[in-house]
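The lines below spell out each chain.
Protein chains: 2
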Amino acid sequence: MLKNRQWRLVSFPSGRPETSNWELVETEAPQVAPGHLLVKALYLDVAPYMRGRISPQRNYAAGVGLGEVMVGGAIGRVLESRSAGFAPGDLVVTDFAFGWQEYALLSPRDVRRIDPDLAPLPYWLDLFGLNGLTAYFALFAAGAMKAGDTVLISAAAGSVGQISGQLAKIAGCRAIAVTSSPEKAAWCREIGYDAVVDYRAAADLHAAVAQACPQGVDVFLDNTAGRIHDAAMQNLAPGARVVVVGTASLADTFDAPDIGPRFLRQILVARATVRGFLCSDHAAGYEGGRGRLRRWYEAGRLQSKFDIARGIEGVPDAFLRLLTSRNLGKQLVKLDGD
Amino acid sequence: MLKNRQWRLVSFPSGRPETSNWELVETEAPQVAPGHLLVKALYLDVAPYMRGRISPQRNYAAGVGLGEVMVGGAIGRVLESRSAGFAPGDLVVTDFAFGWQEYALLSPRDVRRIDPDLAPLPYWLDLFGLNGLTAYFALFAAGAMKAGDTVLISAAAGSVGQISGQLAKIAGCRAIAVTSSPEKAAWCREIGYDAVVDYRAAADLHAAVAQACPQGVDVFLDNTAGRIHDAAMQNLAPGARVVVVGTASLADTFDAPDIGPRFLRQILVARATVRGFLCSDHAAGYEGGRGRLRRWYEAGRLQSKFDIARGIEGVPDAFLRLLTSRNLGKQLVKLDGD
Numbered sequence: 001m002l003k004n005r006q007w008r009l010v011s012f013p014s015g016r017p018e019t020s021n022w023e024l025v026e027t028e029a030p031q032v033a034p035g036h037l038l039v040k041a042l043y044l045d046v047a048p049y050m051r052g053r054i055s056p057q058r059n060y061a062a063g064v065g066l067g068e069v070m071v072g073g074a075i076g077r078v079l080e081s082r083s084a085g086f087a088p089g090d091l092v093v094t095d096f097a098f099g100w101q102e103y104a105l106l107s108p109r110d111v112r113r114i115d116p117d118l119a120p121l122p123y124w125l126d127l128f129g130l131n132g133l134t135a136y137f138a139l140f141a142a143g144a145m146k147a148g149d150t151v152l153i154s155a156a157a158g159s160v161g162q163i164s165g166q167l168a169k170i171a172g173c174r175a176i177a178v179t180s181s182p183e184k185a186a187w188c189r190e191i192g193y194d195a196v197v198d199y200r201a202a203a204d205l206h207a208a209v210a211q212a213c214p215q216g217v218d219v220f221l222d223n224t225a226g227r228i229h230d231a232a233m234q235n236l237a238p239g240a241r242v243v244v245v246g247t248a249s250l251a252d253t254f255d256a257p258d259i260g261p262r263f264l265r266q267i268l269v270a271r272a273t274v275r276g277f278l279c280s281d282h283a284a285g286y287e288g289g290r291g292r293l294r295r296w297y298e299a300g301r302l303q304s305k306f307d308i309a310r311g312i313e314g315v316p317d318a319f320l321r322l323l324t325s326r327n328l329g330k331q332l333v334k335l336d337g338d
Numbered sequence: 339m340l341k342n343r344q345w346r347l348v349s350f351p352s353g354r355p356e357t358s359n360w361e362l363v364e365t366e367a368p369q370v371a372p373g374h375l376l377v378k379a380l381y382l383d384v385a386p387y388m389r390g391r392i393s394p395q396r397n398y399a400a401g402v403g404l405g406e407v408m409v410g411g412a413i414g415r416v417l418e419s420r421s422a423g424f425a426p427g428d429l430v431v432t433d434f435a436f437g438w439q440e441y442a443l444l445s446p447r448d449v450r451r452i453d454p455d456l457a458p459l460p461y462w463l464d465l466f467g468l469n470g471l472t473a474y475f476a477l478f479a480a481g482a483m484k485a486g487d488t489v490l491i492s493a494a495a496g497s498v499g500q501i502s503g504q505l506a507k508i509a510g511c512r513a514i515a516v517t518s519s520p521e522k523a524a525w526c527r528e529i530g531y532d533a534v535v536d537y538r539a540a541a542d543l544h545a546a547v548a549q550a551c552p553q554g555v556d557v558f559l560d561n562t563a564g565r566i567h568d569a570a571m572q573n574l575a576p577g578a579r580v581v582v583v584g585t586a587s588l589a590d591t592f593d594a595p596d597i598g599p600r601f602l603r604q605i606l607v608a609r610a611t612v613r614g615f616l617c618s619d620h621a622a623g624y625e626g627g628r629g630r631l632r633r634w635y636e637a638g639r640l641q642s643k644f645d646i647a648r649g650i651e652g653v654p655d656a657f658l659r660l661l662t663s664r665n666l667g668k669q670l671v672k673l674d675g676d
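In order, the protein sequences belong to chains R and Z.
Heads up, the first sequence is in this note's numbering, so the first residue is 1 and it goes up one at a time.
Heads up, the second sequence is in this note's numbering, so the first residue is 339 and it goes up one at a time.
In short, the hints are calculated from the structure, not lab data.
Model, not experiment: these values are computed from the prediction.
Wrong hints could be hidden among the right ones.
As the list claims (entries may be wrong) - Computed beta-carbon distance windows for the label pairs:
1. R:Thr253 to Z:Glu364: 56 to 66 Å
2. Z:Arg354 to R:Arg227: 44 to 54 Å
3. Z:His544 to R:Gly15: 19 to 29 Å
4. Z:Gln549 to R:Pro34: 43 to 53 Å
5. Z:Ala485 to R:Ala256: 33 to 43 Å
6. Z:Arg354 to R:Gly67: 28 to 38 Å
7. Z:Arg630 to R:Asn59: 54 to 64 Å
8. Z:Gly405 to R:Pro238: 24 to 34 Å
Where is the CB? At the ideal position from N, CA and C, for every residue including glycine.
Bound conformation, chain R alone (with noise of 0.2 Å):
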């Protein structure tokens, strides 16, 4: 039998959440069901969202019970196919259908295929999966970002924040950059950003941000709350949009209230948009976003860095690195033996 190792949630996190939250367990490889498939796992994802999953507050999604497999996309082959439309050897992708384990039962319906020849592995986790559709319907459509707008990004190396920062230079917009160290900023400074704010060396953040947006900020893409929020919401220009797509800063304190500057009167005189934003609400447009986002990378103007970890073992570290912003790029976690 095909042994198969698994990462099950056994706690809750109180606060940050440690490696011991997990457990790796070993069992068998689930037998193929009529209609699935078998995937072995290439490449397992850790993501923000994945914070929300193991509290135990209302979230937009159900979340993981303890005992539970932890949720998570992957990249992966098929091994057995017991559907018409797959044969074994071929590259599919998942958004979350996976979990944190080696081998996962998979219906066609949770599944795309994937074109090798067109781009490597890692982007079809990331700019042809959630990452790039994100930011996408978070700038074009929530953001209804325009031409000449000042776009403010918050973890502007990260996931969604690097494909932002090129897709507002893309639509003709000044694309700033907060990020937390110089290796971000200067890969931020790469791919096109006007201009970045490392928020851990700004003496005066909301001062950094006024010089960075001298006209103010039209659109905010808020990956972070915290501090960064506090000082973008400082620095609004009138009929400011803010997008707000995650709260990585919150991590650490998820299921406490997050106590700081309300802002009420700052949106009321820009007049100020603040968005929740999940993109599966924008899933009728998944089509026509993918293509766009395919047409801009073939001709070179989109890319992404990744950040990739190693083995089964490694997946609850890749994830804390991401909550405490060690990575640099997409954080993947690459599976051994393939």
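Here the structure of chain R is known, so what remains is to put chain Z in place on it, guided by the hints.
Frame of chain R; chain Z shown alone:
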């Protein structure tokens, strides 16, 4: 010469405004300039937006400077006209251009004619003025209110609130009032609100709002900020629209940061929209809005209660009544001798 008493701002309030922030000065009424009107006030307006005008903080409109006449609208009668379109005796209303004084020199551009046969004079500074238009555009435009929505309204018996509740009922919505006394609650029920939360009486405001809005809040017309805002934000339905119309509860702490829970997770989880609202952004639609308000008024579907103080001496007191929620209905000041 005609004597003109006027209230001038002599100090910026620190915290809650006091009557001593203004000084009543007797001067001479202005001479009528060509193309202008000399108008005698019949009713002076006091309104929550005025708190923002007596703060050195950035606002959506210029503030009143020290030594200047306090800003404000009025209903008045033309005493002298040097404009072809107006004659002595004409009744007019202006939203902002009068100021807290007995006589003002006005440009015809800043006034609208009053038809006293359509509605009593106070309605022209209320339903047919900015309160009606604010309720109309905040709900139908910014809030995208539609039949079946649960619409929560704070300061529900106040000037904008009482109109908003009636508009929500006209639109086929469930209208929920948040107000501050049994008398106001009774008035809210009389004009059609489906449920009323008395925020001073509720032991647990979050639970009281949850009970009144079992399906969650689809549209929240936020006139107050503060703890009513907090309770609403914890009860958002998916896709909720929060329209920030005013921040009345911050009147006493206007220049200090508003510290409290920030609700970015709730905005994200509900994919809610929080939007700052300023009526004048909808000026292109005023004529259409007023036409609808007028037709609903003529059909007996909209009414306002007024709380009318008397005498130029009492204007600051009337404003403070408003800031401390002691008024019931739209607060105005009727001047003597007319």
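Hints, verified against the model:
Distance hint check: the CB atoms of Thr253 of chain R and Glu364 of chain Z are about 59 Å apart, consistent with the given range 56 to 66 Å. The beta-carbon spacing between Arg354 of chain Z and Arg227 of chain R, approximately 30 Å, falls outside the hinted interval of 44 to 54 Å. In this structure, His544 of chain Z and Gly15 of chain R meet the distance hint of 19 to 29 Å, their C-beta atoms being roughly 24 Å apart. Separated by about 49 Å at the C-beta atoms, Gln549 of chain Z and Pro34 of chain R satisfy the suggested range of 43 to 53 Å.
A beta carbon spacing of about 38 Å between Ala485 of chain Z and Ala256 of chain R agrees with the range 33 to 43 Å that was offered as a hint. Between Arg354 of chain Z and Gly67 of chain R, the C-beta spacing of about 55 Å breaks the proposed range 28 to 38 Å. The hint said 54 to 64 Å for the Cβ distance between Arg630 of chain Z and Asn59 of chain R, and at roughly 40 Å that hint is violated. Evaluation of the 24 to 34 Å hint for Gly405 of chain Z and Pro238 of chain R yields a pass: the beta carbon distance comes to about 29 Å.
Checked against the numbered hints listed earlier, the structure breaks hints 2, 6 and 7; every other hint is satisfied.
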